[in-house]
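Asks: Take a look at the letters that make up each chain.
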Amino acid sequence: MLARSVLRSARMAGNARSSLARTATRSTTSSSIDAASEAAASPFRLTVAGTATTALALGSMAWYYHLYGPTLYAMTPQEEGLHPTKYPWEHEKFTKTFDHQTLRRGFQVYREVCSSCHSLNRIPWRSLVGSSHTVDEMKAMAEENEYDTEPNDEGEIEKRPGKLSDYIPAPYKNDEAARAANNGALPPDLSLMVKARHGGCNYIFSLLTGYPEEPPPGATVAPGLNFNPYFPGTGIAMARVLYDGLVEYEDSTPATTSQMAKDVVEFLNWSAEPEMDQRKKMGIATVVITSALLALSIWVKRYKWVPIKTRKIVYNPPIRGNPGDRSSAGH
Amino acid sequence: MAGIAGGLYNSIFRRNVVFLSAVFSGAFAFEIGFDQALSKYWDWNNKGRQWKDIRHKYVENEEE
Numbered sequence: 001m002l003a004r005s006v007l008r009s010a011r012m013a014g015n016a017r018s019s020l021a022r023t024a025t026r027s028t029t030s031s032s033i034d035a036a037s038e039a040a041a042s043p044f045r046l047t048v049a050g051t052a053t054t055a056l057a058l059g060s061m062a063w064y065y066h067l068y069g070p071t072l073y074a075m076t077p078q079e080e081g082l083h084p085t086k087y088p089w090e091h092e093k094f095t096k097t098f099d100h101q102t103l104r105r106g107f108q109v110y111r112e113v114c115s116s117c118h119s120l121n122r123i124p125w126r127s128l129v130g131s132s133h134t135v136d137e138m139k140a141m142a143e144e145n146e147y148d149t150e151p152n153d154e155g156e157i158e159k160r161p162g163k164l165s166d167y168i169p170a171p172y173k174n175d176e177a178a179r180a181a182n183n184g185a186l187p188p189d190l191s192l193m194v195k196a197r198h199g200g201c202n203y204i205f206s207l208l209t210g211y212p213e214e215p216p217p218g219a220t221v222a223p224g225l226n227f228n229p230y231f232p233g234t235g236i237a238m239a240r241v242l243y244d245g246l247v248e249y250e251d252s253t254p255a256t257t258s259q260m261a262k263d264v265v266e267f268l269n270w271s272a273e274p275e276m277d278q279r280k281k282m283g284i285a286t287v288v289i290t291s292a293l294l295a296l297s298i299w300v301k302r303y304k305w306v307p308i309k310t311r312k313i314v315y316n317p318p319i320r321g322n323p324g325d326r327s328s329a330g331h
Numbered sequence: 001m002a003g004i005a006g007g008l009y010n011s012i013f014r015r016n017v018v019f020l021s022a023v024f025s026g027a028f029a030f031e032i033g034f035d036q037a038l039s040k041y042w043d044w045n046n047k048g049r050q051w052k053d054i055r056h057k058y059v060e061n062e063e064e
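Respectively, the protein sequence lines represent chains P and B. For the first sequence, the UniProt record's numbering assigns the number 1 to the initial residue and increments by one for each residue that follows. For the second sequence, the UniProt record's numbering assigns the number 1 to the initial residue and increments by one for each residue that follows.
In short, the hints are calculated from the structure, not lab data. No residue lacks a Cβ here, since even glycine has one placed at the ideal position from N, Cα and C.
Cβ pair distances, simulated, as ranges:
| hint | chain 1 | residue 1 | chain 2 | residue 2 | range |
| --- | --- | --- | --- | --- | --- |
| 1 | P | M61 | B | K47 | 53 to 61 angstroms |
| 2 | B | S39 | P | E273 | 15 to 23 angstroms |
| 3 | B | D35 | P | K163 | 32 to 40 angstroms |
| 4 | P | E92 | B | F30 | 27 to 35 angstroms |
| 5 | P | T71 | B | A27 | 48 to 56 angstroms |
| 6 | B | K47 | P | D136 | 24 to 32 angstroms |
| 7 | P | S165 | B | A27 | 35 to 43 angstroms |
| 8 | B | L20 | P | D136 | 47 to 55 angstroms |
Now the stretches of chain P that chain B is said to cover, found in silico as 3 or more residues with beta-carbon under 8 angstroms:
| hint | stretch |
| --- | --- |
| 9 | 92 to 102 |
| 10 | 123 to 132 |
| 11 | 284 to 291 |
Please work from the sequences and hints to get the whole structure.
Replies: Next up, the structure:
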């Protein structure tokens, strides 16, 4: 080892000497820089150093990627649930309102199917007036239900028929009663369901129409649950409810499963954001006005900046020369 | 161009009272016109989708 290093140093000294000689010979051509770098470049050491640094760099990158690169998922794909299909909902477009005929059918589906388990606590009867039903229709529907009165003179609470200002009644008195009636599972309130679930309309539509005939082989379904690939965890307490011809639409639309699901999903989107039609209209007005104002402000800015942008700064140096010349020029 | 500018100056900008009332009444008129134009476009774009388009079906049915 020692001998080898001695040998190498001797060789390096030889290199240095030869390069020195070359420098001396070529000093007239002033290429001494090339010669100096050749002196430092012992090819073997350079190769070793380059290989080692490259290996270090690649290794640290690989280690960093190993530590922080791969995405970690807290849940398995089964626990996440199948991603819902994206459907081209007409009412989700930028300038489109709800189709109020659809809202009317969707409310019929909710009333005849969903409302036996799911509440719609945030929707009063009055909010459907002028949106999908007439005043008289809604009054009649509200009167079919009984509500508590204010305490009378004896402090007794009596029953009265519903008014437009009452909220759509829930199927169960409270959450505990709902759980007891549904095998321990709580049917969630549907008022804001489109906003409350990832995927919104697509998720609910996929869920309602996505029940397979029977669970696929290998899937385990807990007792009392049903298999639905779109539901996170795939075990859902709600069984498939929408079957072809379940309701009879008054406008004689064929009541297929997907038609009912589409109608009720759009209705639930309305119940989650009943202000949507007005909001989109105001949004368009805002965009039109503000873009006109933006164009105007850009024009004003350019107008005001024109003298500054187009000015030319010229420096005229003072005339230098003999004082005698200048005085003679002055005369 | 100079004639238009001069006329504009003499008729509107010369007296502050006239100028101010022109600004306010212009804003008022623009708002009405803009709202009407936008509503017209909105109803055309959403033809048959809004409640006012299907309302007649149900009101008539009830009166029969």
